[in-house]
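Those protein sequences? They're chains Y and A, same order as listed. For reference, each letter of the first sequence is one residue, going 1 to 358 in my numbering. For reference, each letter of the second sequence is one residue, going 1 to 358 in my numbering.
In short, the hints are calculated from the structure, not lab data. Worth double-checking, as some hints may not be accurate.
Note that the list lumps identical chains together, so a pair holds whenever it fits in one copy or between two copies.
No farther apart than 27 Å at their CA atoms in a straight line, the calculated lysine-lysine pairs in the DSSO-like style are these [claimed, not checked]:
#, residue 1, residue 2
1, Lys195, Lys8
2, Lys324, Lys280
3, Lys181, Lys77
4, Lys76, Lys8
5, Lys177, Lys207
6, Lys280, Lys261
Quick caveat: nothing in here was measured; it's all calculated off a predicted structure.
2 protein chains.
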Amino acid sequence: MANRQMGKQSIRFENPPIISGAASVVGEKEGQGPYGEYFDVIEKDPKVGADSWEEAEGKLQEKAAMLAIRHAKLTKKDIRYMVAGDLLGQLMASSFGLISMDIPLFGIYGACSTMGESLGIAAMIVDGGFAEHAIAITSSHFASAEKQFRFPLGYGNQRPKAATWTVTGSGAVVLTKSVRKEEMQQKGEWEEISKRAKEEKGKVKVKGITTGKIVDYGVKDSMNMGACMAPAAGEVIVQNFIDFGYQPEHYDKIITGDLGKVGKDIVIDYVKAKGYDITKQYMDCGIEIYGEEQNTQAGGSGCGCSAVMLAGYILKQLENGDWKRVLFVPTGALLSQVSFNEGNSVPGIAHGVILEKM
Amino acid sequence: MANRQMGKQSIRFENPPIISGAASVVGEKEGQGPYGEYFDVIEKDPKVGADSWEEAEGKLQEKAAMLAIRHAKLTKKDIRYMVAGDLLGQLMASSFGLISMDIPLFGIYGACSTMGESLGIAAMIVDGGFAEHAIAITSSHFASAEKQFRFPLGYGNQRPKAATWTVTGSGAVVLTKSVRKEEMQQKGEWEEISKRAKEEKGKVKVKGITTGKIVDYGVKDSMNMGACMAPAAGEVIVQNFIDFGYQPEHYDKIITGDLGKVGKDIVIDYVKAKGYDITKQYMDCGIEIYGEEQNTQAGGSGCGCSAVMLAGYILKQLENGDWKRVLFVPTGALLSQVSFNEGNSVPGIAHGVILEKM
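Just chain Y, with the same shape it has in the complex (with noise of 0.2 Å):
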């Protein structure tokens, strides 16, 4: 078995999982952006059917992730483990959404990280020979979250310039182990070969990942959450770069999950303090997802916001060839209602995924 491990955080995956099918349902607000064309649903209704906020964000998760499994071209039945998450507590939305799917599950958490977390764990279950298909899912919900983290929505607060806009919507990806030439040769599988490699041809594949550390740099500003997560997407960045020999100029885009417009400031001068300049290459999926006009100050957030970003259009750009290599980075803030209460600071997290096309 060759070794996978790369410096002290990063992962090279021997096989590389290829991203058979994804799919980002997405609210009304997120539909109106100007990403909207690129998502596959736009739920008008924010209840999506439901009687209440959480069930609403199960029933994105639910939707997505049947969605995904049909681009990829399989059935339910395919999917060997789900790895799944999403901001409430007790992961609400997984644990009711996703019953329906009769799937082995691995709950996860990393505030809105969460999207890198499951791409991690999932393309190593698969790299790994644990199953064929797995498939990766997250979402937030503005309601659900404004419930669980603020204030209750009818109380109207203002909301200061460097919040940011819990994202509603649920992006899923499906990992498929790829073509294992060496293997198949040996066992003579030649037409077996040519089918999968065809099949596989212009697939995004995750060549690696780079997984991050808790950072705690003592902000407690729960509606500056950018300046709580920068220095974790920072860390994670440079080690990135440190663990595979990268310069920045290796990736096409190198993209944050909802760091929004104060926190892209910190985490480019962070990275720059290091060594790498990454203001050409740099993007944050929270500062993309919103136009100006739609007045949601720092950009979106929410483990939704990198997932849709990715499923809609981050793996369509790199399908189409107009990025080849991207530096996935979902970023979190690992906030509770409860810490922030108790006067706690508000540590980040954040875990790099490397999105390669064949």
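Dock chain A against the given chain Y, drawing on the hints supplied.
Quick look at chain A alone, frame taken from chain Y:
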């Protein structure tokens, strides 16, 4: 690469990871129970020197993790990944308690089944060649759980007979790559083989896993979680028998996490209806951990319950040779205070882990 997939939901590891170190840290009540002498540390201070219950629980995790690493004769730097979780919203105990570990983190949530989930993911990471060492950690705390899920402690509500008592404690287990004879023989590393073989002798390994699905039988009573979780445990146990072709007699013990006295009867009946009698092998950590006189109604619960019983007692029974093969099945009730208040049912999930002495 050998096919590690067994049946529908199980994995048989190619090179079963070794449990190189484990540790259990519990509260005073658990220390006074029948297994008190087995736990590594009994904390007299329920706040563990912290200012809040959540921080206290985080400190339990930190202590258990550090001690398990020391027992494995390793240092923090040797551990490539932490796979950790707890019951609190946004995994407060792990998110804050593990900052000082400075190790890449996968945060996970499977309610009280979390120790089974973390062992499963950590074992795949190690067997897949992604790490030499990974640590699985979970915790619960009576006071933080009551605050999160039920009533303020000062309210002094009366507990029904079916209620369980959340265990204050954290268990941590270090998984280490086993000697890969074939690979090492090819490289001619004869000395290393004999050195490692000696170190591994008498250690317990993770032979396989059976990963659970969400199971919802519509039970809505948050004071009777045994009934919510028992069908999930039953499904995983039966699936383990089917996937591996085992009969109950294959195991010396089949140990669920925290079904308590009510759940015990249900799971035995459930499995019997599928054609297997596990009466002789069956044991439940929740029933065991407290004595009758400790007045804990149906028994202990929480994701610390199965974790401290594993690290404190079960692994020692295996190392001593009293038991040879154990199916360890932590059980979780997917409940949140919000979902409960919204009138939802309490779905269950359970994850099976096969433990054997080398």
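A quick look at each hint next to the structure:
no., hint, in the structure
1, Lys195 / Lys8, "between (37 Å within a copy, 26 Å between copies)"
2, Lys324 / Lys280, "within (15 Å within a copy, 59 Å between copies)"
3, Lys181 / Lys77, "within (25 Å within a copy, 36 Å between copies)"
4, Lys76 / Lys8, "between (36 Å within a copy, 13 Å between copies)"
5, Lys177 / Lys207, "both (12 Å within a copy, 23 Å between copies)"
6, Lys280 / Lys261, "within (16 Å within a copy, 62 Å between copies)"
Of the numbered hints stated above, none is contradicted by the structure.
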